[in-house]
Amino acid sequence: REMFESPEGKELLSQWGITDPLTGVGALALGYPDGELPQPKPRKEGYIIKVL
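For what it's worth, our numbering labels the leading residue of the sequence shown as 671, then goes sequentially.
Hint data in this document are derived by calculation from the structure and do not stem from the laboratory. The structure displayed is predicted, hence computed values, not measured ones. Don't be surprised by glycine CBs; every beta carbon is placed ideally from N, CA and C. Check before you lean on any hint, since a few could be wrong.
Restraint-style ranges between C-beta atoms, simulated for each label pair [as the list claims (entries may be wrong)]:
| hint | residue 1 | residue 2 | range |
| --- | --- | --- | --- |
| 1 | Ser-676 | Pro-703 | 29 to 37 Å |
| 2 | Gly-705 | Gln-685 | 32 to 40 Å |
| 3 | Glu-678 | Leu-700 | 32 to 40 Å |
| 4 | Gly-679 | Pro-710 | 26 to 34 Å |
| 5 | Gly-679 | Pro-703 | 31 to 39 Å |
| 6 | Leu-682 | Leu-707 | 24 to 32 Å |
| 7 | Glu-675 | Pro-710 | 26 to 34 Å |
| 8 | Pro-710 | Trp-686 | 17 to 25 Å |
Take the sequences, apply the hints, and build the full model.
Written out as structure tokens, the structure is:
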């Protein structure tokens, strides 16, 4: 959570439209093993915010 309590973190949350009662809680990096990629599972619209 601390990463989003800084002025820069609060600005990012604001840009992404994340406001109270929601909060950012961390970072996540995912990957797949070498080979054919699996089909992605369905996601709720607007539920996941990707920052690249």
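Honestly, do Gly-679 and Pro-703 meet the 31 to 39 Å range at C-beta?
-> 32 Å, holds
Should the hint that Gly-679 and Pro-710 are 26 to 34 Å apart at their CB atoms be regarded as holding?
-> 28 Å, holds
Evaluate the given range 26 to 34 Å for the C-beta pair formed by Glu-675 and Pro-710.
-> Since the Cβ atoms of Glu-675 and Pro-710 sit about 31 Å apart, the hinted range of 26 to 34 Å holds.
Distance restraint hint 17 to 25 Å, applied to the beta-carbon atoms of Pro-710 and Trp-686 = Given range 17 to 25 Å: holds, Cβ gap about 21 Å.
Satisfaction of the hinted span 29 to 37 Å by the C-beta atoms belonging to Ser-676 and Pro-703 | 35 Å, holds
Confirm or reject the claim that Gly-705 and Gln-685 have a C-beta distance inside 32 to 40 Å.
-> With a Cβ separation near 36 Å, Gly-705 and Gln-685 satisfy 32 to 40 Å, so the hint holds.
Return holds or violated for the Cβ distance of Leu-682 and Leu-707 against the range 24 to 32 Å.
-> Check passed, 28 Å falls within 24 to 32 Å.
Distance restraint hint 32 to 40 Å, applied to the beta-carbon atoms of Glu-678 and Leu-700 | 24 Å, violated
In this structure, the one hint that does not hold is number 3.
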